[in-house]
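Engineer: Here is how the chains run, residue by residue.
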Amino acid sequence: NAGVMQNPRHLVRRRGQEARLRCSPMKGHSHVYWYRQLPEEGLKFMVYLQKENIIDESGMPKERFSAEFPKEGPSILRIQQVVRGDSAAYFCASSETGASYEQYFGPGTRLTVT
Amino acid sequence: GESVGLHLPTLSVQEGDNSIINCAYSNSASDYFIWYKQESGKGPQFIIDIRSNMDKRQGQRVTVLLNKTVKHLSLQIAATQPGDSAVYFCAESINNAGNMLTFGGGTRLMVKP
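Top to bottom, those sequences are chains A and B. Positions 208 to 321 (my numbering) are the ones given, in order, by the first sequence. Positions 8 to 120 (my numbering) are the ones given, in order, by the second sequence.
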């Protein structure tokens, strides 16, 4: 059973471009969480989604950031008009039932904005 | 709670010694706690968890202690090995309140051979 998959692993974008980060949850998992990690810091919750629904987006910046988890395909975290402060590692976790102790993390996408 | 600062605290131990990593959590309503291990370039890996109705839980070579009075968690690693070198994070959660994990600031464990 493959774990949580994220791609790309590394992404470089110039200021003003768009970044799209993809997350494929573990097989049988329908709950996805996105977290952001700045260097030398802990992970910060961004958004919690179930298939076709955003459950909790209290950690998402109000502008430029959006997330979706369609019925088919991976979850997408989209950052429009990236700025240098968006440079971070973005981790996705998945869960079967939504109980927090079941969250399994992917390897992350490291976004660098130049 | 929220992590601040640019540098992680570092714990350096000799191989074979026991390690104790501490964490202060922020929310007295949190009822579930997890320790994660994060190696360089990888995502967090689950180590051990504990619910708020317990004060101690043991796994293989690891023990988690919870002191709700002072909102403190500790992770004890017995007979530390070079493969234990990583950054360790505690995370707290309130079940029935969104399911998101709130991570602490992390401690870097370095094991000297």
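Treat the hints as calculated values from the structure; they're not laboratory data. Given the structure is predicted, the values throughout are model-derived calculations rather than measurements. Each hint should be verified, as a subset may be incorrect.
Examples of chain A residues toward chain B, derived with CB under 10 Å [unchecked claim]:
| # | residue |
| --- | --- |
| 1 | 209 |
| 2 | 210 |
| 3 | 240 |
| 4 | 255 |
| 5 | 272 |
| 6 | 299 |
| 7 | 300 |
| 8 | 302 |
| 9 | 311 |
| 10 | 313 |
| 11 | 314 |
| 12 | 319 |
| 13 | 320 |
Backbone N, C-alpha and C fix where the C-beta goes; we use that ideal spot for every residue, glycine too.
Engineer: Now, for every hint given, state plainly whether the structure supports it.
Structural biologist: Cross-check of the supplied hints:
| no. | hint | result |
| --- | --- | --- |
| 1 | 209 | violated (14 Å) |
| 2 | 210 | holds (9 Å) |
| 3 | 240 | holds (7 Å) |
| 4 | 255 | holds (6 Å) |
| 5 | 272 | violated (16 Å) |
| 6 | 299 | holds (8 Å) |
| 7 | 300 | holds (8 Å) |
| 8 | 302 | holds (8 Å) |
| 9 | 311 | holds (7 Å) |
| 10 | 313 | holds (5 Å) |
| 11 | 314 | holds (5 Å) |
| 12 | 319 | violated (14 Å) |
| 13 | 320 | violated (19 Å) |
The structure shown violates the earlier hints numbered 1, 5, 12, 13.
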